[in-house]
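Trainee: Heads up: the protein sequence lines correspond to chains A and B, in order. For the first sequence, position 80 (counting from the first letter as 1) is numbered 80 according to the numbering used here, and the numbering increases by one without interruption. For the second sequence, position 17 (counting from the first letter as 1) is numbered 17 according to the numbering used here, and the numbering increases by one without interruption.
Source of the hints: derived by calculation from the structure; they are not laboratory data. No experiment lies behind these values; they were computed from the predicted model shown.
Where chains are identical, the list cannot tell them apart; a pair therefore holds if satisfied intra-copy or between any two copies.
Restricting the straight-line Cα-Cα distance to at most 25 Å, the calculated cross-link-like pairs of lysine to aspartate or glutamate (DMTMM-like) are:
1) 39 x 29
2) 148 x 194
3) 118 x 98
4) 171 x 117
5) 175 x 126
6) 54 x 25
7) 175 x 117
8) 39 x 25
9) 171 x 126
10) 72 x 90
11) 171 x 60
12) 171 x 55
13) 148 x 89
14) 72 x 194
15) 175 x 147
16) 145 x 86
17) 171 x 129
18) 171 x 122
19) 175 x 60
20) 54 x 122
21) 175 x 136
22) 175 x 129
23) 54 x 10
24) 54 x 35
25) 175 x 55
Below are the chains, spelled out letter by letter.
Number of protein chains: 2
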Amino acid sequence: MKVTKEKATENRAALVRAAGRLFRERGIDGVGVAEISKKAGLTHGALYAQFPSKEALAAEAFASGLRPGLEKMTADRAGGSGSLTDFIDDYLSFGHRDNLAAGCPMSASASEVARQDKIVGERFAEGFEQIVALMERGLGASAVKADKRQRALAMMAAMVGGVGASRAVAKADPKLSNQILRAVRQIVGEIAGEGAS
Amino acid sequence: MKVTKEKATENRAALVRAAGRLFRERGIDGVGVAEISKKAGLTHGALYAQFPSKEALAAEAFASGLRPGLEKMTADRAGGSGSLTDFIDDYLSFGHRDNLAAGCPMSASASEVARQDKIVGERFAEGFEQIVALMERGLGASAVKADKRQRALAMMAAMVGGVGASRAVAKADPKLSNQILRAVRQIVGEIAGEGAS
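So here's chain A without its partners, still in its complex pose:
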């Protein structure tokens, strides 16, 4: 069946959306292409007409899932102060922890990406660099002596690990889950120089 260019673009977006939610919710290895096609309301064939492999789709879904956070940070920055604090607050919120399917793909899939094709790691690396660069510009003076890039790299790693660990223990020990998020929030704020003059 011949598909118009417009329809093809629509199909691609539907596949990326479905894949993004399913991969975050159930893991990249936990979901097959059949299920993704079905959720997007399409066939296997339509998926392979758009993406040469599941890995290629995973990479695009990963990049797409990072976009809202990056856009929000950039918009906030254009609009005025407070953007880094808002970003950290959102990232380490109970709401983000409890919303796997629509949250940051880095914390949803951190430990899985190493096992995927290089192309997925490339999207992770690009996203990590972009967020770190944006964070770096928002840093103030801090009691922590490391340079700004090191501070931003460590903050982002701590946030990815904080959300990951708090999700891992959420069912078994909700109190510990909350404590992890609050502790990372406090320390990341100190590294950023919040409250310092």
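Go by the hints and put chain B onto chain A.
Mentor: Chain B in isolation, oriented as in the chain A frame:
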């Protein structure tokens, strides 16, 4: 076939060992019970004679994988000073990053545990608490103002996230991978109060 008590204990250990390596290397959802049994030199039936489910085996493999790190930290502590620094150095080493199969199961599986049965999260929570308690006792005075438990919780989250992120980008951007580990090492050391009097 009737199995002696001794043989049953041996089988159980072989299954836990095989599962521990495979789960870390390939992901909990990336490996099936058939492959685990085979790697342990046993049958499906022998696995289910020991564990009611794959989740029960995953939980025991997870706890077993945490033991060497906990034992090392406890032994170091008994033997004298320097244990927290050694633990952080080992955890954030290039060697640990590059050795998925024998490394810490928390960084190997952080983002996957939330999707597993509660029993796996219970082992994660217990291990996290035990390590945090040991770390807390090694903390010195630091420029970071949060209390000791918060500092230890955030340090462990940063270490799990640091190893996870550095592994995720290792194939695509080895330089960034090294930078993440070094930055987390530097900042975690500052949070611990290394070098402070």
